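When you get a sec, could you build the whole thing from the sequences and use the hints?
Protein chains: 4
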Amino acid sequence: MTRIKLGMVGGGKDAFIGAVHRIAARMDDRFELVAGALSSTPEKARESGRALGLAPDRTYDDYVAMAKREARLKDGIAAVAIVTPNHMHAPVAREFLKRGIHVICDKPLTATLAEARKLVAAAEKSDALFILTHNYTGYPLMRHARQMIAEGALGRIRVVQVEYAQDWLAEAPEPDNKQAAWRTDPAKSGVGGSTGDIGTHAYNLACFVTGLKLDSLAADLDAFVPGRQVDDNGHVMLRFQGGAKGMLWCSQVATGSENRLTLRVYGEKGGIEWGQENPNVMRYTPLGGVTQLLTRNGASGTTTGTRVPGGHPEGYLEAFANIYAAAADAIDAARTGEKSSALYPTIQDGLDGVAFVDACARSSRRNAAWITL
Amino acid sequence: MTRIKLGMVGGGKDAFIGAVHRIAARMDDRFELVAGALSSTPEKARESGRALGLAPDRTYDDYVAMAKREARLKDGIAAVAIVTPNHMHAPVAREFLKRGIHVICDKPLTATLAEARKLVAAAEKSDALFILTHNYTGYPLMRHARQMIAEGALGRIRVVQVEYAQDWLAEAPEPDNKQAAWRTDPAKSGVGGSTGDIGTHAYNLACFVTGLKLDSLAADLDAFVPGRQVDDNGHVMLRFQGGAKGMLWCSQVATGSENRLTLRVYGEKGGIEWGQENPNVMRYTPLGGVTQLLTRNGASGTTTGTRVPGGHPEGYLEAFANIYAAAADAIDAARTGEKSSALYPTIQDGLDGVAFVDACARSSRRNAAWITL
Amino acid sequence: MTRIKLGMVGGGKDAFIGAVHRIAARMDDRFELVAGALSSTPEKARESGRALGLAPDRTYDDYVAMAKREARLKDGIAAVAIVTPNHMHAPVAREFLKRGIHVICDKPLTATLAEARKLVAAAEKSDALFILTHNYTGYPLMRHARQMIAEGALGRIRVVQVEYAQDWLAEAPEPDNKQAAWRTDPAKSGVGGSTGDIGTHAYNLACFVTGLKLDSLAADLDAFVPGRQVDDNGHVMLRFQGGAKGMLWCSQVATGSENRLTLRVYGEKGGIEWGQENPNVMRYTPLGGVTQLLTRNGASGTTTGTRVPGGHPEGYLEAFANIYAAAADAIDAARTGEKSSALYPTIQDGLDGVAFVDACARSSRRNAAWITL
Amino acid sequence: MTRIKLGMVGGGKDAFIGAVHRIAARMDDRFELVAGALSSTPEKARESGRALGLAPDRTYDDYVAMAKREARLKDGIAAVAIVTPNHMHAPVAREFLKRGIHVICDKPLTATLAEARKLVAAAEKSDALFILTHNYTGYPLMRHARQMIAEGALGRIRVVQVEYAQDWLAEAPEPDNKQAAWRTDPAKSGVGGSTGDIGTHAYNLACFVTGLKLDSLAADLDAFVPGRQVDDNGHVMLRFQGGAKGMLWCSQVATGSENRLTLRVYGEKGGIEWGQENPNVMRYTPLGGVTQLLTRNGASGTTTGTRVPGGHPEGYLEAFANIYAAAADAIDAARTGEKSSALYPTIQDGLDGVAFVDACARSSRRNAAWITL
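Residue numbers (full-length UniProt numbering), protein chains in the order written: chain A, 1 to 373; chain B, 1 to 373; chain C, 1 to 373; chain D, 1 to 373.
Each hint should be verified, as a subset may be incorrect.
Treat identical chains as interchangeable: a pair holds within one or across any two.
What the hints assert, rightly or not - Pairs of lysine-lysine residues, derived as DSS-like cross-links and limited to a Cα-Cα distance of at most 30 Å, are as follows:
{"id": "1", "residue 1": "K13", "residue 2": "K125"}
{"id": "2", "residue 1": "K74", "residue 2": "K5"}
{"id": "3", "residue 1": "K269", "residue 2": "K178"}
{"id": "4", "residue 1": "K269", "residue 2": "K188"}
{"id": "5", "residue 1": "K13", "residue 2": "K339"}
{"id": "6", "residue 1": "K44", "residue 2": "K5"}
{"id": "7", "residue 1": "K13", "residue 2": "K178"}
{"id": "8", "residue 1": "K178", "residue 2": "K339"}
{"id": "9", "residue 1": "K269", "residue 2": "K125"}
These aren't lab readings, by the way, just hints derived from the structure by calculation.
All values derive from a computational prediction rather than experimental measurement.
Okay, structure coming up:
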């Protein structure tokens with residue numbers, strides 16, 4: 001049993017998602033965090049490194065230095081987790097990819113579509129893996145749903161309703177809310193506000209579960225809070241290849257919604273409904289039949305990627321850890337040259353997501369005209 | 001205490017909504033059904049009349065004869081309930097309106113927009129009242145929500161999400177299903193399938209509760225079931241006057257949904273969420289506050305139009321009866337010349353609904369182009 | 001079609017349950033209210049009669065006069081609804097029973113066990129029917145559950161958990177709350193407070209659904225509100241004949257509970273769970289299988305005693321009306337001499353209920369000793 | 001930052017709770033597993049040690065050897081997690097306690113009351129801490145509820161309803177189900193079946209949240225499955241010191257229940273309701289007020305012991321990890337001699353739990369007589 005050596009860029013004090021990545025990496029004990037460039041402020045980077053128990057010589061002030069030195073070390077990191085604001089994903093990722101270090105990157109892939117395309121090209125030139133943490137695909141019942149649909153339990157899909165509603169940006173937050181600050185700054189978040197931050201999750205999850213490809217979309221985006229420079233609400237009509245239709249709603253001004261990500265899929269033979277806030281149960285109704293409550297690890301059978309028995313709830317961190325577990329599988333396989341069937345969101349999913357955000361913005365500027373992806 | 005003499009057109013054997021109207025009319029004992037032209041088949045009309053205990057001489061084979069004779073009788077009907085398929089609403093209503101008999105009419109108002117406009121003109125010439133049974137507006141908590149919004153509890157409205165999902169037409173139903181037959185026949189249902197049958201309810205409820213007027217819409221309609229001649233799924237983006245945005249989804253192919261009408265409204269100061277299948281509770285979240293479960297007749301105060309204490313559920317029939325109770329108030333007031341503040345859906349609401357259906361169809365034919373109402 | 005002539009004793013102004021009985025009787029149009037002794041105060045009795053449209057000569061000041069005269073009238077009432085406080089049920093019922101007038105009586109049957117026994121004897125001497133309005137047995141899904149259990153879907157029953165929790169008496173209510181006043185006055189309510197008012201409902205429903213007979217009970221009753229003369233909380237352990245065990249909890253001080261009547265039954269082959277506040281759905285889990293959501297009139301088949309399609313909620317009044325519908329069936333059958341299979345709570349159920357309340361009180365006085373019924 | 005060196009007894013292959021303890025210990029990166037006697041079968045112990053990456057010389061065949069050697073090592077373990085079947089808790093714990101090694105022990109404390117008392121005496125003689133993993137007390141909303149009650153938000157408590165229902169033992173499980181085998185063997189599980197395995201959790205949680213002490217109980221226990229030697233269903237009436245009353249139901253034959261632990265507490269000023277299967281929300285109703293949905297880390301304020309924002313569900317593992325986090329706080333404080341206010345279940349809670357199980361058994365044998373604790 002050997003733990004994968006992991007580095008981290010971003011995720012210092014005051015960050016949110018860095019701590020999530022660290023717990024997720026630790027959950028199944030397959031990674032060991034050994035290096036970091038945890039902040040763009042050197043002093044904060046070092047303080048954060050100390051707090052995490054990193055060795056001083058592997059606490060870096062800057063990610064380029066880290067990439068260079070770790071690549072040369074005999075026991076240097078095999079993978080890096082990138083948990084910076086969006087605009088930094090691409091430059092950081094490139095430094096590690098080109099040195100053959102696997103990248104585990106937060107979403108959305110990049111701040112702009114042009115950057116995303118360049119990053120895909122960089123990844124193609126590299127032998128390193130690229131894992132994107134669209135963490136909601138790690139929920140066991142979403143994986144179960146994907147499998148059910150792939151096996152035909154719902155028949156040909158007709159309608160996909162997906163939503164991600166929050167309320168934490170219903171007002172302009174205090175200036176010292178760091179999370180809100182960069183997420184509403186187009187220079188850092190990219191062209192999309194709610195579409196980039198949570199709409200991409202909804203879009204990715206819908207495609208992951210249904211296996212459908214989007215043909216085109218029409219989007220009506222708003223920035224309801226005065227002075228806001230990015231969208232905080234998006235209404236999107238979806239047309240999938242093959243004829244399925246859908247709607248996607250993302251909002252950060254829906255008061256009463258914490259992280260209300262819900263997915264409903266209806267096909268010729270049945271329908272499913274699931275919500276992230278109580279993720280251990282999924283409704284499934286076969287055509288003409290009674291609605292069933294499928295539970296994680298419940299009577300319908302063992303669910304992939306679950307650690308405790310049915311009725312003992314798993315949540316966000318466990319789902320996130322399932323992405324890390326898949327990353328570990330893939331990285332281990334890459335080392336030994338084995339073929340891996342590990343299921344994780346890829347850089348292509350990331351490109352699709354940024355293309356989605358970009359198309360939403362273009363459609364909205366053109367009065368919700370249809371944009372073909 | 002005098003009961004209002006009521007007639008009925010349609011609602012004979014095999015009908016669904018006629019029985020609902022009769023129970024609703026009876027609930028508060030303010031109407032007395034005394035006459036009917038209950039079927040277009042004379043024999044069935046008479047048989048149905050007998051079953052309901054109508055006097056033989058007030059059981060009519062045809063609604064024109066009924067309108068003429070009842071208008072001449074000293075104790076003739078004061079009001080008529082029209083519960084026929086959609087295409088008959090207008091011709092029947094006109095016969096009674098022009099004789100000063102109040103009309104209580106099922107929705108949608110008419111099968112076509114042209115008919116709706118003519119009917120409005122006919123109603124304007126008449127002294128009789130016109131009550132449209134958009135029954136979901138009769139739910140006490142929807143009336144409470146309307147009042148909360150009118151009083152500013154939610155602030156300026158930003159987002160309206162409304163849905164009405166069913167699954168009973170997910171397959172082509174048996175040919176002998178009378179309800180399905182006329183509802184999927186454009187000659188009887190009108191231009192809209194799901195949009196006309198349930199989309200109008202969703203649209204009407206959203207406007208009733210929020211007080212908003214629709215500016216324009218973009219609709220993407222489908223007929224997923226092979227051979228179906230009317231839409232069975234509609235995705236509609238909404239732009240309200242004043243800047244609020246919304247989405248409306250209506251579907252009759254959403255397997256697992258019985259009568260899933262839900263309304264969610266988010267404003268600058270709070271949000272509400274309600275679903276028809278469990279209508280005695282509504283979520284309300286003030287901005288920055290904790291979500292509250294408001295119950296019908298519960299601790300937040302007595303709710304208008306409720307008959308039993310909180311925790312004793314009221315349902316569809318009680319809500320429907322609230323429309324009849326308002327009709328009775330208005331009819332009584334009309335008789336005495338008093339001013340009435342009775343709250344019921346009007347012929348104008350009916351015209352708006354048909355205009356909505358018509359606009360959806362036109363928008364969808366034009367690739368979901370925006371149509372201004 | 002002939003409506004059954006109905007009289008009412010009690011149910012005047014300020015009453016609660018009388019109005020419920022009237023709506024329930026009217027729901028299916030099989031009764032016609034023609035006479036009443038609506039209050040013990042003559043003036044209020046007459047005023048209430050006028051408000052209900054009763055003829056003046058059939059508005060009585062006193063129930064004995066009513067029973068005598070109605071029995072003599074050619075078109076006198078065939079049935080009487082008794083909706084007085086508990087202590088009046090027995091004397092009123094006897095007057096009508098002995099004159100062959102069918103009795104529809106609110107629960108609990110009487111205020112004391114001695115009275116209940118005498119009333120049973122009186123009913124046995126009479127040809128008239130006795131229908132007790134344990135209205136929760138009228139819920140379609142409770143009838144469905146009863147049938148499922150009778151057909152063996154749950155196998156031999158092991159455990160029965162039943163509760164009825166309210167909170168409206170968590171404080172001593174205002175002195176002018178008439179409903180609270182008589183319900184907390186042992187001279188009017190009888191020996192039981194919460195046990196008599198709602199515990200009997202829970203007990204009756206559990207027996208109705210499971211078909212089990214209680215062998216013995218051990219009860220620990222409390223009056224938590226200072227000065228209260230009757231129990232406001234009851235904890236009861238149940239032993240049924242045949243070996244099933246159960247718990248019953250009734251409370252009127254459970255803050256946050258409106259009318260939380262829930263029933264859960266677990267057998268060797270499956271379990272069911274149902275709650276009155278959202279009565280249109282019932283969980284059913286076959287042993288080793290996935291939990292199903294059975295809905296009223298849903299995909300599992302048409303449910304007995306339902307008026308509108310699945311997904312259109314029915315509630316308390318409809319369930320109550322199902323008792324009246326059964327009463328009408330039984331009364332019609334009695335008139336023609338036909339055999340009736342109408343399902344309604346009987347005077348024997350009423351006696352069982354009062355015996356339950358009496359046993360709870362005796363057990364509690366003896367430190368929760370086991371009392372055999 | 002220094003991780004606490006941790007050992008483990010039990011928890012090898014095929015075990016369930018050992019893996020849970022390891023994840024919980026790892027969640028916040030404050031422990032490092034370095035030694036183990038993971039199985040009573042030497043070969044399996046070594047294989048399990050290898051799988052977990054333990055050094056061969058710290059993989060022990062037997063817990064006595066482990067205790068002796070680790071106590072002598074300079075960097076020996078500071079704490080041991082005991083995750084064996086119940087009957088082994090006491091002998092294992094004593095070996096470590098007497099050598100000053102902190103004990104983190106699964107519940108129930110011991111298999112018998114006599115053992116529990118002896119273990120308490122042993123713990124009193126030791127300087128080592130004793131942490132009992134009644135993990136449900138780690139749920140953030142249960143800690144919040146405890147604090148609310150301590151601060152008087154519910155007023156004087158009147159009624160406590162607590163349940164833990166499962167269905168996995170509704171039939172006699174397969175002979176090769178190791179978890180079921182020892183849990184239904186009185187030699188290993190102790191005198192209680194469902195009462196010991198899950199009833200203790202329910203009892204502990206009720207006391208933890210309310211701060212009440214049990215005065216006496218009356219229990220009616222059953223073994224419904226033929227041949228079962230321990231109880232699989234328990235009905236218990238509770239009388240708390242100070243006058244509050246309660247009911248506890250534990251069952252392993254309640255088909256349709258996975259891990260349905262629910263707690264409801266009603267006081268003079270309000271009530272709360274919570275269920276483990278969806279633990280991120282708690283209902284709270286102030287007397288006379290509207291029910292509120294308090295969420296973990298939601299609008300009512302930051303909740304203690306939570307790692308991700310509201311709406312991102314946390315579950316069983318996070319709650320379990322909160323016990324480990326408290327253990328780490330206490331162990332760190334013990335090392336430095338600081339006073340710690342870390343909140344974790346103690347050996348006294350363990351003794352109380354075993355006393356509860358013992359009293360249930362005695363009461364049940366005496367026809368549910370009251371037993372004073």
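Tested hints:
no., hint, verdict
1, K13 to K125, "neither (34 Å within a copy, 42 Å between copies)"
2, K74 to K5, "both (11 Å within a copy, 27 Å between copies)"
3, K269 to K178, "between (46 Å within a copy, 24 Å between copies)"
4, K269 to K188, "between (44 Å within a copy, 29 Å between copies)"
5, K13 to K339, "between (38 Å within a copy, 27 Å between copies)"
6, K44 to K5, "both (23 Å within a copy, 28 Å between copies)"
7, K13 to K178, "within (11 Å within a copy, 45 Å between copies)"
8, K178 to K339, "neither (41 Å within a copy, 34 Å between copies)"
9, K269 to K125, "neither (43 Å within a copy, 51 Å between copies)"
Hint violations for this structure: numbers 1, 8 and 9, all remaining hints satisfied.
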